[in-house]
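*Asks:* Combine both chains into one complex, guided by the hints.
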Amino acid sequence: MKKVKIIAGITWAFICLILIIILFPGLNSFSASAAKLPFMKINPNYSGGEVAQQLIATGCTLDIRKPVFDGLIKKRNKGFVQLDWRGNVPDKIVDTIDYDLDNKPDFCIFVDRDQSKTVLYPINSKVRDIIISTPTSYGWAVRVELIK
Amino acid sequence: MDNALTSSGMKKSFGRSLLYTLPMFLITFMFMTGGRPDFSRPASALAMVVTFLLVNILYFLMHYTGKTDKLRAILFIIFALSLSFTLINNMLETRNSMSFSQADILECKIPFCHLVIPMMILPAAFTNSIIFPGSIIGGFANIASMVVLWLVATLVLGRGFCSWGCFYGGWDDGFSRIRKKPAIKKISEIWKWMPFAVLIMVSLTAALSLIPTYCDWICPFKAVTEFEQVTSVESATKAVIFVSLFAGLVVVLPVLTRKRTQCSFLCPLGAINTVSNKVTPFTIKIDKKACTECFKCVEVCPLFALSTEGIKEGKVSVFCSKCGKCVDACSKNAIHFGIKGVPSGTMKNFSRNLFLFVSFLFMSVFSAGSIINSLQSLLNLIF
Ligand code: SF4
Ligand code: SF4
Numbered sequence: 001m002k003k004v005k006i007i008a009g010i011t012w013a014f015i016c017l018i019l020i021i022i023l024f025p026g027l028n029s030f031s032a033s034a035a036k037l038p039f040m041k042i043n044p045n046y047s048g049g050e051v052a053q054q055l056i057a058t059g060c061t062l063d064i065r066k067p068v069f070d071g072l073i074k075k076r077n078k079g080f081v082q083l084d085w086r087g088n089v090p091d092k093i094v095d096t097i098d099y100d101l102d103n104k105p106d107f108c109i110f111v112d113r114d115q116s117k118t119v120l121y122p123i124n125s126k127v128r129d130i131i132i133s134t135p136t137s138y139g140w141a142v143r144v145e146l147i148k
Numbered sequence: 001m002d003n004a005l006t007s008s009g010m011k012k013s014f015g016r017s018l019l020y021t022l023p024m025f026l027i028t029f030m031f032m033t034g035g036r037p038d039f040s041r042p043a044s045a046l047a048m049v050v051t052f053l054l055v056n057i058l059y060f061l062m063h064y065t066g067k068t069d070k071l072r073a074i075l076f077i078i079f080a081l082s083l084s085f086t087l088i089n090n091m092l093e094t095r096n097s098m099s100f101s102q103a104d105i106l107e108c109k110i111p112f113c114h115l116v117i118p119m120m121i122l123p124a125a126f127t128n129s130i131i132f133p134g135s136i137i138g139g140f141a142n143i144a145s146m147v148v149l150w151l152v153a154t155l156v157l158g159r160g161f162c163s164w165g166c167f168y169g170g171w172d173d174g175f176s177r178i179r180k181k182p183a184i185k186k187i188s189e190i191w192k193w194m195p196f197a198v199l200i201m202v203s204l205t206a207a208l209s210l211i212p213t214y215c216d217w218i219c220p221f222k223a224v225t226e227f228e229q230v231t232s233v234e235s236a237t238k239a240v241i242f243v244s245l246f247a248g249l250v251v252v253l254p255v256l257t258r259k260r261t262q263c264s265f266l267c268p269l270g271a272i273n274t275v276s277n278k279v280t281p282f283t284i285k286i287d288k289k290a291c292t293e294c295f296k297c298v299e300v301c302p303l304f305a306l307s308t309e310g311i312k313e314g315k316v317s318v319f320c321s322k323c324g325k326c327v328d329a330c331s332k333n334a335i336h337f338g339i340k341g342v343p344s345g346t347m348k349n350f351s352r353n354l355f356l357f358v359s360f361l362f363m364s365v366f367s368a369g370s371i372i373n374s375l376q377s378l379l380n381l382i383f
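If you're matching them up, the sequences are chains U and Z in order.
At position 120 of the first sequence the residue is numbered 120 (this note's numbering), and the sequence of numbers has no breaks.
At position 312 of the second sequence the residue is numbered 312 (this note's numbering), and the sequence of numbers has no breaks.
Same shape as in the complex, but just chain Z (with noise of 0.2 Å):
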């Protein structure tokens, strides 16, 4: 039965949908509350109950209508931009600046962020040492939680982080969708191995100089969280770099493309959580003998990880994300969520539930903090 679901085969009848989001209403009621709502203070409880029915609704609507990438991408962005606005307001109201001091270096005070995770490695190794001026635990974005935090994720989700984990991920992804069509269509694909030359460059780079190179010098996210005092002639190139990279691999060119350009030709993480594709189970799969090659889901892959070839061998590459962009794209529902053992074509909609489950789960508890506390100064600052 499974076998024969045409594209609108993944939706279910609105009680079914209702039943599917049960579970997810049950556990992000529990991590939002800690199982005791608390309503006395007016606008942190608005924020919460806003938050978790946005969350709770999305989810109920990925089951209802089948479809999954544009409500999967309204939570990520909105993700990204909750985070970027936390973290600068945190910075404005204790530090009146989006820049952070040298002192804040030598007290260690700096958020972490996954993205220095490639940087920590070879470090970690031979000194026994993170190069990070960050806190190991406690605080705000301390070191042993972020890295926690992403293992786990990269081991389930693959490079499904970068779709339904990465508080950066949602920025150039949301860029990506303002045309309705790419004003650049041909790129060459040479350009999907980047990543991996900047992992080992910034990787050998961090190893010998014992900084993060990455962020020190390349990060284009610094543009929306927080950067280097410009004091030298050092840190203003550091900061016309940082801001180029933003303007063009985050802003112009995802609207230019429709690809999540810093995503799939800059950034290091990416190239890791692409190798951690191996691992997870869940991928997404070409059913062939439902598909009728028209090679529509080639043309929306934000992240360049299909080809007309592989689709005709019914390959998916390890660069996908299980964003669902190709999926909901397929008329024929031949592209789907799959689970690694499973045959291509079979047990579709198990393997799509349980996907979302897991990816919905992890990207809506994650976000909650950030988003609630969005919300709340956002009704502080109106009310």
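Same shape as in the complex, but just chain U (with noise of 0.2 Å):
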């Protein structure tokens, strides 16, 4: 028994020098497999969810997303939806969303890059408040809270 132990500790010592002697020139790849795995995405509070609709008027895209709701287990009360204005976006921004695709607008937005100034027009109760608005390396940013 005590030779057993041995072998198995003296072994197992030897799987993990091979370990990590393979770790580092297979990391990329390791890291590739990684990435695969089911769990491996940004969580929406941070990614801000899918886009779900895309506006493009003259060099200006407008990608509206999904509204984010997501908790822990279930959906939570409170969430935001995010519109990312990308290329050649106006100094003034002005625009009216319908989030819910519902035909109906729920918000108007107006953004004047200049003066970092974003104001929310809701129309939809359930259109909230600004929770960011910001320059990004696209364009602009902007979240705005909602409530289910």
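None of these hints come from the bench; they were simulated from the model.
Counterexamples of contact, computed for chain U against chain Z with all Cβ distances above 10 Å:
1) K66
2) N103
3) C108
4) T118
DSSO-like mimics (lysine-lysine), calculated; alpha carbons at most 30 Å apart, straight line:
5) K3/U <-> K11/Z
6) K2/U <-> K11/Z
7) K186/Z <-> K288/Z
8) K41/U <-> K238/Z
9) K41/U <-> K109/Z
10) K3/U <-> K12/Z
11) K2/U <-> K332/Z
12) K67/Z <-> K180/Z
13) K238/Z <-> K117/U
14) K74/U <-> K109/Z
15) K3/U <-> K312/Z
16) K289/Z <-> K2/U
17) K78/U <-> K109/Z
18) K74/U <-> K36/U
19) K186/Z <-> K315/Z
20) K288/Z <-> K312/Z
21) K289/Z <-> K5/U
22) K332/Z <-> K3/U
23) K296/Z <-> K11/Z
24) K11/Z <-> K312/Z
25) K2/U <-> K340/Z
26) K278/Z <-> K5/U
27) K288/Z <-> K2/U
28) K180/Z <-> K288/Z
29) K5/U <-> K12/Z
30) K288/Z <-> K5/U
31) K332/Z <-> K5/U
32) K289/Z <-> K278/Z
33) K312/Z <-> K186/Z
34) K67/Z <-> K5/U
35) K109/Z <-> K66/U
36) K340/Z <-> K3/U
37) K3/U <-> K315/Z
38) K109/Z <-> K36/U
39) K185/Z <-> K296/Z
40) K2/U <-> K278/Z
Ideal placement from N, C-alpha and C gives every residue a C-beta, glycine not left out.
*Replies:* This is the structure:
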């Protein structure tokens, strides 16, 4: 029994030695495999959610994302919708948004990029407030708070 | 023969030490240069040569002097400093500041670090997603590669990760070495369970809020990496918390106690590494026949892993990070590196050689990139 334990211990130690030796040269492929695991995607609370609609105007695209209400187990009562303006974004943005795709406007938004001023005009009572309005590397992004 | 080693028994002759260093020399050469050293840019070539020599000289000295901890700490501390330097330098170059903005969060551009892992687990299980605004693959410090690196390291080294792998541990390790003697000697051992309380708290709060609460509110290492822009009362409160924790647990207490207080009393990943200490084959063993119960080892252990009762029973606790400080302090060579399953007091040299190769190889390859990077930036600044 003592011998078996010694052999098992030393074998495990040598397996660990091999693991460390192959870890760094294999890191890119191990990481690529790990990235394919089902949970390896950024939570919508950070990523902003999937793009649900894309409105294209001259040189500028507006991505309206799916509203995010994700909680640990069930949907939360409070959430947000993220809007991303990309490309040649005008200095003053004025848009009317139908985030729930019911063909009725839910809010109007006005962004003065030079003044860093954002004004929200809620139409739908589920639309609450501006959470974030910020310049980004691709243009401008806004998160608007919603309730269910 | 191995059993009867004295304190200097781990020393090797010059030639033998060189022979033991040869595999490390070849492997680190391959990893750092890809087999084809590039001398076209003098600053990067010089940085690479210095880093290469540094790691191999340290490894050689571990064999030649028979000592582990001080030589390990040199690279461990340089790793911590260089990682912070690289990160801050990168932030200053790209953003002109150490703070990240809301846009960086929205664009998922925050570098991932292993301390987030404890908070990822429950949300990943329930929501099938990662609650961190970083990049899954590609780019600097992406989530997939950091998770792979930590997983393998914690499996192989257990809590040894905290003395041979973590790029934060070098901070409190470094500060704990500043004074020769501790100004505060008595600290209740109960505090060493604190990281488990922190682990439970941050895991639950992160799961409920889907926010990595430790990073958001607590992590002291934001003081030497990056932090949220102070734009509100909330972000100012967060800044006060992380700066105070850094000053208290990473600087002041380690200086006064000569213990690694942040790692012992706060870090939730340290708690997980403690659990994985059960899996790793490498351990610290006590040769009861050789032990004279002087308890020098208990006194020097920076992570509260040893107790007088434990020594009497020949037990080292799971809090051990295999730093080797106790091994170096023991004049009888009674406490030694070991392999699970191998009886204590036997195969001391073999176990140490194998463990040193595995742990040092991990640390040198993991740290090389940021050390080379920092040296290169410093050289570019000077010349
Ligand atoms: S306890 Fe935490 S901060 Fe300290 S070395 Fe371990 S993982 Fe790093
Ligand atoms: S028991 Fe020894 S090797 Fe382990 S943490 Fe303490 S001093 Fe380091």
